[in-house]
Amino acid sequence: MSVSKSQKPLYSVIKDELQSKIDQGDYQPDQQLPTENELSSLYSVSRITTRRALEELEREGYIYRIQGSGSFVKRAEAAPERQTPAPLSFAEVEPGPIISMILPHLDEGAMVGYIRGASDYLNRLGYHLSVHTSNSDPALEEELLESMPGRGSSAVILYPLNDSCSFERLNRLYLMDFPIVTIDKEMPGMPIPSVVSDNFGGVYEAVSRLIDLGHRRIAFFSNAAIESVSSVRSRYFGYCKAMKDRGVPILPELVRLGASKELKAAGKTAFFSGLLNGYRENGITAVQVENDLIAVQLLLYAQQLDMRIPDDLSIFGFDNNPICEMLHIPVATVGQNYDEIGRTAAELLIRRLRQGQAGTGQHVVPVSLIERKSVHRLA
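Under this note's numbering, think of the first position of the sequence shown as 1, with each following residue one higher.
Worth flagging that the hints you see were computed from the coordinates, not collected in a lab. Take these hints with a grain of salt, some might be off.
Now the in silico label distances, taken between C-beta atoms and shown as ranges [stated by the list, open to error]: (1) SER368 / GLY283: 29 to 35 Å; (2) MET326 / ASP26: 19 to 25 Å; (3) GLN362 / LEU300: 31 to 37 Å; (4) GLN362 / ASN282: 19 to 25 Å.
Every residue, glycine too, gets a C-beta built ideally from N, C-alpha and C.
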């Protein structure tokens, strides 16, 4: 079967056909729908298209999704959002066995770790994890959050896009007494618990190690703006603390923060060439980078400029992305325990649901320093 040409997006055509079959009784309550792969083959479209169709059906309350099992038709009595507005108070909704997780995307191993850690913990207790993606779209993130209480979800684990996105929606859910835990970032000033890596301590240890190796001209680079991303802000402060504790001056030419707009405007080649030439001219011998993906780009562009890594420049990343080990020169990094972050977030929500209290503070998960060939002792 192929999707005929229409003014509607392909995912909407598929969604409407599935919805019609549900309404007509072709798919019965709790019956499993075809998988994303099966729908892709059936309609001759990509998995991205079929995933969007299923997400729309879930958002409108026609189906529910169980991680690792598939999509199932929701019973009419379990989908009050089709007939009535969303409840004003979470206390008015009967808590179900579903915990939802909202992620920006599923393109990195980190996201799989969050899902695995939370799902393993919840499954042992008879709960199911429902995973949603915002596609890094603030509007979609807000829409997903707004819809959660009326979709049979008992609580939400949220990976926020930044410190300010969806603040109003989160506040509204908090006032409804709807259980929420954020991961990766905290929401400053909002009394909801967060589970984060030890971003401060990880960079503190990495920069201290660089100092132990004889480096003094150590740069810090971030693509994200530290005022809007709490995790990167903590990493920067870890850098500052390590430098200060060891008596190493932090000079203006060492620090580059929130470079995303400049990078986009200049283009990667021009931007990184300028950055690296600046490092060379200013005698910078090491750099702590916001994350591994940027660290890898920095290494590759440095090699294009005939800079020797690590002889001319030592590079430390953050995350322990698998790509770090695939390069000719493996990248040193700070490893996050994504499974433990997911598990801890799930545990906090279950404690809240069963005991009425999960606390409101920040729960910090330890990190690990992973030294590889992109750093060495300064000659």
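Hint check:
Distance hint check: the CB atoms of SER368 and GLY283 are about 31 Å apart, consistent with the given range 29 to 35 Å. Between MET326 and ASP26 the beta carbons are some 46 Å apart, a value that contradicts the proposed interval 19 to 25 Å. The hinted window of 31 to 37 Å between GLN362 and LEU300 holds, with their beta carbons roughly 35 Å apart. Checked against the given bound of 19 to 25 Å, the beta carbons of GLN362 and ASN282, roughly 36 Å apart, lie outside it.
In summary, the structure is inconsistent with hints 2, 4 from the numbered list given earlier, while agreeing with the others.
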